[in-house]
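In the order they appear, the protein sequences are chains V and Z. Residue numbers for the first sequence, in our numbering: 1 to 115. Residue numbers for the second sequence, in our numbering: 1 to 116.
Everything labelled a hint here was simulated from the structure, so no lab data went into it. Possibly wrong hints are sitting among the right ones.
Part of the chain Z face toward chain V, derived, beta carbon under 7 angstroms [said to hold, decoys possible]:
id, residue
1, 43
2, 44
3, 46
From a predicted model like this one, the values you see are computed outputs, not experimental measurements. Every residue, glycine too, gets a C-beta built ideally from N, C-alpha and C.
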Amino acid sequence: QKEVEQDPGPLSVPEGAIVSLNCTYSNSAFQYFMWYRQYSRKGPELLMYTYSSGNKEDGRFTAQVDKSSKYISLFIRDSQPSDSATYLCAMIPNAGGTSYGKLTFGQGTILTVHP
Amino acid sequence: GAVVSQHPSRVICKSGTSVKIECRSLDFQATTMFWYRQFPKQSLMLMATSNEGSKATYEQGVEKDKFLINHASLTLSTLTVTSAHPEDSSFYICSAPPSVGGETQYFGPGTRLLVL
Numbered sequence: 001q002k003e004v005e006q007d008p009g010p011l012s013v014p015e016g017a018i019v020s021l022n023c024t025y026s027n028s029a030f031q032y033f034m035w036y037r038q039y040s041r042k043g044p045e046l047l048m049y050t051y052s053s054g055n056k057e058d059g060r061f062t063a064q065v066d067k068s069s070k071y072i073s074l075f076i077r078d079s080q081p082s083d084s085a086t087y088l089c090a091m092i093p094n095a096g097g098t099s100y101g102k103l104t105f106g107q108g109t110i111l112t113v114h115p
Numbered sequence: 001g002a003v004v005s006q007h008p009s010r011v012i013c014k015s016g017t018s019v020k021i022e023c024r025s026l027d028f029q030a031t032t033m034f035w036y037r038q039f040p041k042q043s044l045m046l047m048a049t050s051n052e053g054s055k056a057t058y059e060q061g062v063e064k065d066k067f068l069i070n071h072a073s074l075t076l077s078t079l080t081v082t083s084a085h086p087e088d089s090s091f092y093i094c095s096a097p098p099s100v101g102g103e104t105q106y107f108g109p110g111t112r113l114l115v116l
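Start from the sequences, fold in the hints, and give me the full structure.
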């Protein structure tokens, strides 16, 4: 079993739709959770960063973390064609120690928003 | 946000040659940088941690003699793929935390390596 599971999709939605992207994980030590957006042939771009359980909103993006269920989500409101990309969840146990900086990624979900 | 650059963006080489990829933090200092590899339609896999002033640490299954890492300064790490073979063809991406102890990572644009 992978440490982080993410449905690779592909996911296709019409412009304006609400998009829900999800990841589950098995390692209860994960404390920090991130969402990255990766356009084709480019490096990942940090979208959202959350610590522990709860919600965080930034513009059209909302990140949710439910540590009790080991489940994280990213919601995109009013989706745009420019949101078409691969979305990667990533997580890390703690800020220091031997796991410092070692992100564990989900497989990534390919999203297409069509006009 | 913090900027990380990579050079070259794309390289094609013959089997058996060595290829050097540079990763630079442009507006911050990074005592630690990370190198990832990404195969088509797959996620990023951490290869190694590059430490300024000390040896790199490699993830299980990554050959340290094949993937040489040198963290020459607080803004530069290099990855050299030695005696490259077609199976080394991949997308190589570096990342760095913008602050000491920071949990977030900023990624470079990646280097696409094709070994013929």
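Please flag the earlier hints that this structure goes against, numbers listed from lowest up. none
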